[in-house]
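In terms of my numbering, the sequence shown has 815 at position 476, counting the first letter as 1, and numbering is strictly consecutive.
Please keep in mind that the hints were generated in silico from the structure rather than gathered at the bench.
The structure displayed is predicted, hence computed values, not measured ones.
Don't be surprised by glycine CBs; every beta carbon is placed ideally from N, CA and C.
Some hints could be false.
Said to hold, decoys possible - Label pairs and their calculated CB-CB ranges:
{"hint": "1", "residue 1": "Arg-384", "residue 2": "Gly-758", "range": "58 to 64 Å"}
{"hint": "2", "residue 1": "Ala-1135", "residue 2": "Glu-755", "range": "39 to 45 Å"}
{"hint": "3", "residue 1": "Glu-628", "residue 2": "Glu-1238", "range": "41 to 47 Å"}
{"hint": "4", "residue 1": "Gly-913", "residue 2": "Gly-1186", "range": "45 to 51 Å"}
{"hint": "5", "residue 1": "Arg-524", "residue 2": "Glu-628", "range": "44 to 50 Å"}
{"hint": "6", "residue 1": "Gln-686", "residue 2": "Ser-385", "range": "50 to 56 Å"}
{"hint": "7", "residue 1": "Val-548", "residue 2": "Gly-758", "range": "38 to 44 Å"}
{"hint": "8", "residue 1": "Glu-1146", "residue 2": "Ala-786", "range": "42 to 48 Å"}
{"hint": "9", "residue 1": "Pro-1106", "residue 2": "Leu-982", "range": "42 to 48 Å"}
{"hint": "10", "residue 1": "Glu-1144", "residue 2": "Glu-434", "range": "56 to 62 Å"}
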Amino acid sequence: MGGADAHLARELGSDLVSDRAIDRHALAHDASHYLLTPELIARPRSADDVARLLRACSESGMPITFRSGGTSLSGQAVTEHLLVDTRRHFSREVEVLDHGARVRVAPGVSVRQVNARLAAYGTKVGPDPASEAACTIGGVVANNSSGMHCGTEGNSYATLASLVLVLPSGTVVDTGAADAEQRLRESEPDLVAGLVRLRDRIRGDAESVATLRRLFAMKNTMGYGLNSFLDHDDPVAILEHLMVGSEGTLGFIASATFRTVPVRPEVATGLLVFDTVGAATEAVPQIVEAGAVTAELLDAASLRVSAQAPGAPAQITGLRVREQAALLVEWHADTAEELAEREAVAQPMLDGLGLAVPASLTREAGERAALWTVRKALYSAVAGARPVGTNALLEDVAVPVEVLGRTCVDLTALFERHGYEESVIFGHAKDGNVHFMLNERFADPAALQRYADFTEDLVDLVLGRGGTLKAEHGTGRMMAPFVERQYGTELYAVMRELKALVDPAGVLGPGTILGDDPQAHLKDLKTAPTVEEEVDRCVECGFCEPVCPSRDLTLTPRQRIVLRREITAATERGDHALAAELDRDYDYAGVQTCAVDGMCLTACPVQINTGDLVRRLRREDVGHLEQKGWDVAARRWGTASRLGSLGLSVADRLPGVVGESLTAAVRTVAPAEVVPAYDRELPRGGAVRREVDEDGAEAVLFSSCVGTMFGPEQGSQGAAAALLSLARRAGVPVRTPKGPGSLCCGTPWKSKGLTDGYAVMARRVLPALWESSDEGRLPIVWDAASCTEGLAVMVANAGEHGHPECEGLVIIDALEWAASRLLPQLPEPRRVARAVLHPTCGTQLLGVTPYLEELAGAVADAVVVPADWGCCGFAGDRGLLHPELTAAATEPEVAELRERGLLGSHPQDTVFLSANRTCEIGMTRATGRTYRHVLEQLDWATSDSP
340 MGGADAHLAR ELGSDLVSDR AIDRHALAHD ASHYLLTPEL IARPRSADDV
390 ARLLRACSES GMPITFRSGG TSLSGQAVTE HLLVDTRRHF SREVEVLDHG
440 ARVRVAPGVS VRQVNARLAA YGTKVGPDPA SEAACTIGGV VANNSSGMHC
490 GTEGNSYATL ASLVLVLPSG TVVDTGAADA EQRLRESEPD LVAGLVRLRD
540 RIRGDAESVA TLRRLFAMKN TMGYGLNSFL DHDDPVAILE HLMVGSEGTL
590 GFIASATFRT VPVRPEVATG LLVFDTVGAA TEAVPQIVEA GAVTAELLDA
640 ASLRVSAQAP GAPAQITGLR VREQAALLVE WHADTAEELA EREAVAQPML
690 DGLGLAVPAS LTREAGERAA LWTVRKALYS AVAGARPVGT NALLEDVAVP
740 VEVLGRTCVD LTALFERHGY EESVIFGHAK DGNVHFMLNE RFADPAALQR
790 YADFTEDLVD LVLGRGGTLK AEHGTGRMMA PFVERQYGTE LYAVMRELKA
840 LVDPAGVLGP GTILGDDPQA HLKDLKTAPT VEEEVDRCVE CGFCEPVCPS
890 RDLTLTPRQR IVLRREITAA TERGDHALAA ELDRDYDYAG VQTCAVDGMC
940 LTACPVQINT GDLVRRLRRE DVGHLEQKGW DVAARRWGTA SRLGSLGLSV
990 ADRLPGVVGE SLTAAVRTVA PAEVVPAYDR ELPRGGAVRR EVDEDGAEAV
1040 LFSSCVGTMF GPEQGSQGAA AALLSLARRA GVPVRTPKGP GSLCCGTPWK
1090 SKGLTDGYAV MARRVLPALW ESSDEGRLPI VWDAASCTEG LAVMVANAGE
1140 HGHPECEGLV IIDALEWAAS RLLPQLPEPR RVARAVLHPT CGTQLLGVTP
1190 YLEELAGAVA DAVVVPADWG CCGFAGDRGL LHPELTAAAT EPEVAELRER
1240 GLLGSHPQDT VFLSANRTCE IGMTRATGRT YRHVLEQLDW ATSDSP
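Let the hints inform the model, and build the full structure from the sequences given.
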């Protein structure tokens, strides 16, 4: 590190500052189409750390940029200087206040996490951005994010109760403190005087007041929120609200306290199809007046794209789209009776709209989900189908509702004029706010000029209609050159003075919101080198990151992908030293510590499973001896799995820490990827799987080999024995495949990229299942969710292994089968007071988590699913090869359980349940409480003897 870098490292500690290439290039990418590589990364742990950092930067002149969830779209979180990660160590604290009426939140907590904590109180935070699963509160406030429902009445500006903020000088201000104004005057007298001066200057200029009132009557995130000077009198309140929408250029938001809004549980949804976009937008005022809380616009291009989406509703699948447009509308209420009254009021209005398709509202969850498919499928359909080498841009603007229709027509004409043929328009019609998507190839000079020309025409169009160039996504770099054009010379001068007043050294977010370069929006643009299928499809949105078990240890799925791009780009430009450094560090961070659990797939809008990429990379790294060894293991799997079981049983009997010491010693000389780490918390080996063949079998039970290797907890019999016991108690005859001890779902080979051994296992398993299921007549039930998912993949690809007849085999997870087939036939279960559940990546991928909850609800009076649960990262043997992965992955869930007092509950009152043996081991290790399979608890609860 150089002089300034070394100084910052001393301020924070070297463990919180990094100049490693892999860290800098991984965090360089966010959801925007801009790319700058930071010189240094800092990960402060507290507001005091940030204060020291800001003081040091102000003194040295080192520019500093904050980044949290990385979902911003306008380039406000990229820099070539110091980038501060405010997610990793600020993602835990959520304090519910006043029985859910308020909530205090740290800046790295996602909107979804906050709302999960508030759900028990029937409230939520007002802002509801589409990226709520990944975007964090710090960014939501800094961008004044809104969303589909909240409008301007429920956004951050409107619902903010107080902030704790850190100014560039290092001063920490708690605006909710009773003496906040006095403290601010004492610590920052020039700032207070300056805020008062600017307040009076704006209020004394009638034109400025009129401009601000007009622009902020709409959703508006262009420039600074100068409406704060009109809406508030005292300097603290003004400063507090100026921070909203300031995009990290005026200070750091260390925590935010919101006034929450109620959740209306009863919902009716409808899709209204109009002949033209003009007709649709003209109807918006009537619809809003009739009580609709949502009115989402979809233009003709959007309808054509949505009609191709799986599950699209009949209203559009049978529609021959020409110029039609639609509004997706919703009414919300507290009770079913209240909703019925609102529907009755709205129906005459709906009947009089002259729709292309008759209107109807539905409350049914499946039908409502199908209608929302129309809206939510747009981004994935357009972005996922973009040409290789292009970047997806999601833009947003707002205009007065009365000119929205004409604006959409003219915007479509701009697409045609500039050759953007695949663009769609959609958005929040009740707010006059629309989004549109462009695919652009910035490496092509002609394409870059096209984008520049389009942007100029767009600015003229929107400002000519009295609109704003950024409604929700923030100014960033994207619209910084146009702030003065939107606000005029006087208000732009006020913004300049405000920035100089709060940040006199000019170190916070240079180039964001305000800038001197009229071409800034056309510089530092991302290019997309061709790499691999998963990499080429990625739009870098970051939606995958919150569900990734390695996110706080090494890398996230997005970062694994962008680093592949960075390695390729470095190689193509001849920077072989950088490519080699990134490639070297990528092995551990990108490959070894990926759980390949598929959870990223559940969150990705373009359906990327980064595990597929990692499995391929592992396959390329597999040596001949390793491939051969696992091939032999597949051919002798019964023996291999029994040896693994025997090894654990022997180690369990060794005195003291002998087993731990032996494996630790071997791991010092052998690769960690080869030798697992033993610890005393691991169970003894399990029992050999036995054949069962009962008369009149209704299903084939396929038990996991994990149960052979890892025995059950003391006093338990394991999931396989519990499932068989439950089937017999329910009077449901079953059978197993022949020779079950030699069969496996193939996941141990697939996850490591061991294709030869996987093929051997598939060729053995598929015929065994075909025979035992009476050639597909009987369903095959598996007792471990991750194995069920692995088997489903094997069956879906059975033709590749020479058994196409097996592609129709019915694979059912034991949770679903037990809940639907066995539970109704079982005796009334004995219940405990509470069951704490750990869903798994397998239950999520299979969609069987609701069955896990149902079974837990049958054996406990209360069921607790931690809001911060996630994949435990044990991932087969990954938790043995890299125990640090499981430790990092489970930390948030364990912290929540501890905070809620659940880890200290009495064992007779509270049971801890899951649905996969390795996950149970991982959670037992992490919490110190014994996790068992829910089927074991159900078996105990319905048995004759307690």
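Hints versus structure:
1. Arg-384 <-> Gly-758: 58 to 64 Å: Hint violated: Cβ distance 49 Å, outside 58 to 64 Å.
2. Ala-1135 <-> Glu-755: 39 to 45 Å: holds, 42 Å
3. Glu-628 <-> Glu-1238: 41 to 47 Å: Cβ of Glu-628 to Cβ of Glu-1238: about 45 Å, so the range 41 to 47 Å holds.
4. Gly-913 <-> Gly-1186: 45 to 51 Å: For Gly-1186 against Gly-913, whose Cβ atoms are near 48 Å apart, the range 45 to 51 Å holds.
5. Arg-524 <-> Glu-628: 44 to 50 Å: This hint holds: roughly 46 Å between Cβ atoms.
6. Gln-686 <-> Ser-385: 50 to 56 Å: holds, 55 Å
7. Val-548 <-> Gly-758: 38 to 44 Å: Check passed, 42 Å falls within 38 to 44 Å.
8. Glu-1146 <-> Ala-786: 42 to 48 Å: Holds - the Cβ-Cβ distance for Glu-1146 and Ala-786, about 43 Å, lies within 42 to 48 Å.
9. Pro-1106 <-> Leu-982: 42 to 48 Å: At 25 Å between Cβs, range violated.
10. Glu-1144 <-> Glu-434: 56 to 62 Å: holds, 58 Å
In terms of the numbered hints stated before, the structure departs from hints 1, 9, listed from lowest to highest.
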